[in-house]
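Participant: For reference, the chains in residue letters:
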Amino acid sequence: MIPQEPFEAILAAARTGAEWALVELYRDLHPRVLRYLRTMEPSEAEDLASEAWIDVAAGLGRFEGDERAFRSWGFTIARRRLVDLRRQRGRRNTVPLPREAIVERAGTGNVEEEAMTELGTEEALARIATLPPDQAEVVLLRVLAGLDSGEVARILGKRPGAVRVLQHRALRRLAGEIPRESVTE
Amino acid sequence: MRRHQLDDDTADRLLSGRIQPDDAPPGYGEVARLIRAVSAPAKAEELAFQEQAIAAAVEVVGSQAAHRPAPRSRRSFVRQKLLRAKVAGLVVAGTIIGTTGLAFAGALPDGAQNTASNALAKIGISVPSGHPASTGQDISGVATTTDSTGVDKGAEISGLASGGVSQAGQHGAPDSTPPVTTPNSGGTGTADTASGGASGAGTGTAGTDSGGDSTAGSANDTTTP
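Quick note, the sequences are listed as chains B and V, same order.
Be aware that the first sequence starts at 0, since it is given in numbering that gives the first Met the number 0, and climbs by one per residue.
Be aware that the second sequence starts at 0, since it is given in numbering that gives the first Met the number 0, and climbs by one per residue.
Honestly, the hints are just simulated from the structure, not real lab data.
Treat the hints with care, as some may be off.
[Said to hold, decoys possible] A few chain B residues that face chain V, going by a derived Cβ cut-off under 7 Å, partial list only: (1) GLY16; (2) TRP52; (3) THR120.
[As the list claims (entries may be wrong)] Label-pair ranges, simulated between beta-carbon atoms: (4) ARG153/B with LEU46/V: 26 to 36 Å; (5) PRO5/B with ALA43/V: 44 to 54 Å; (6) ALA106/V with ARG61/B: 55 to 65 Å; (7) GLY60/B with ASP8/V: 31 to 41 Å.
Note that the Cβ used here is the ideal one computed from N, Cα and C, for glycine as well.
Use the sequences and the hints to build the structure in full.
Facilitator: Right, here's the structure in full:
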């Protein structure tokens with residue numbers, strides 16, 4: 000986060016409504032949450048991220064913990080928003096992006112060739128979006144929120160062992176060991 | 000190409016971005032690159048609505064703060080608790096000292112005085128006990144068995160009923176005061192009643208029957224045992 004100020008000082012100032020402190024928290028949390036939501040629910044990502052941010056601001060007075068706990072808390076709120084949206088829609092899962100767009104943005108599938116080029120954030124997220132949803136979510140929470148498998152398990156309501164299995168399968172799939180074409184929603 | 004089988008620790012380091020693409024296990028260099036790209040610094044378009052988001056947050060935090068009680072420092076909180084404890088201690092101490100003082104003076108109501116006397120006796124402090132409470136049966140017993148009569152009897156009964164506080168019969172006119180003379184010298188009492196039926200005197204009110212001319216005695220028969 001901001002190198003000049005410890006997290007505790009930023010949090011304390013943010014609770015009083017100090018704009019500079021809220022900016023620091025926002026710039027740390029929001030882009031990560033937005034990337035997560037864009038991958039999981041692209042059509043509603045901006046709205047969901049905004050609502051999650053307001054929930055975070057409203058809950059600052061109750062939050063207790065360090066910077067890591069703050070990210071975990073922020074992602075918990077964002078995921079709750081996502082789950083609520085899906086529940087309202089009455090559907091279990093969503094297809095984040097049109098299939099054609101994902102395949103196109105995800106590259107050619109030639110891992111050795113792609114490794115030679117610089118990978119952009121959008122392309123990387125699009126590649127993760129080709130994973131089965133539960134695997135994609137585990138990777139996103141681990142990478143974007145910086146959480147360990149136990150924390151991810153808590154947010155997802157799964158056992159840590161189940162999360163570790165999902166992340167292994169996701170990594171193998173991303174490495175091309177499992178053909179991308181076998182991904183089904 | 001058969002890829003390296005990842006263990007949990009390697010998977011953790013890969014997902015946390017601690018493995019450089021060139022240092023990744025065989026076949027996972029691309030994955031390491033992908034993960035670094037996902038966690039790259041924020042882009043301008045991702046912060047495009049920062050101004051609105053912060054304004055909304057300031058408003059929300061302000062409204063939340065308005066509904067919370069004013070924050071107190073830990074120091075003032077501790078100070079207030081100490082003050083409360085001191086006040087409570089003073090009240091208790093004052094009550095004990097005051098009650099004990101009143102008990103020493105014997106100024107408490109009889110029940111409280113007895114309780115205080117018993118309690119203080121247990122810790123070796125002697126204070127007067129309260130006046131024993133007289134029951135109606137006690138008072139009735141005295142009233143029917145005492146040898147006293149008239150003012151003396153009333154004073155005895157009253158003194159018992161009031162626990163010795165009554166001063167009845169103590170402030171009346173001295174015995175030397177001459178009786179008031181009235182035109183009617185007839186008897187006004189019932190000798191039998193006053194004497195328990197032993198009187199030999201007349202039982203009527205002589206004055207009434209004689210039209211005020213009777214001189215019949217009105218005192219109890221002094222020979223009555």
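Participant: Could you run down the list of hints and mark each one as holding or not?
Facilitator: Each hint tested on the structure:
{"no.": "1", "hint": "GLY16", "in the structure": "4 Å, holds"}
{"no.": "2", "hint": "TRP52", "in the structure": "6 Å, holds"}
{"no.": "3", "hint": "THR120", "in the structure": "5 Å, holds"}
{"no.": "4", "hint": "ARG153/B with LEU46/V: 26 to 36 Å", "in the structure": "29 Å, holds"}
{"no.": "5", "hint": "PRO5/B with ALA43/V: 44 to 54 Å", "in the structure": "27 Å, violated"}
{"no.": "6", "hint": "ALA106/V with ARG61/B: 55 to 65 Å", "in the structure": "57 Å, holds"}
{"no.": "7", "hint": "GLY60/B with ASP8/V: 31 to 41 Å", "in the structure": "38 Å, holds"}
Checked against the numbered hints given earlier, this structure breaks only hint 5.
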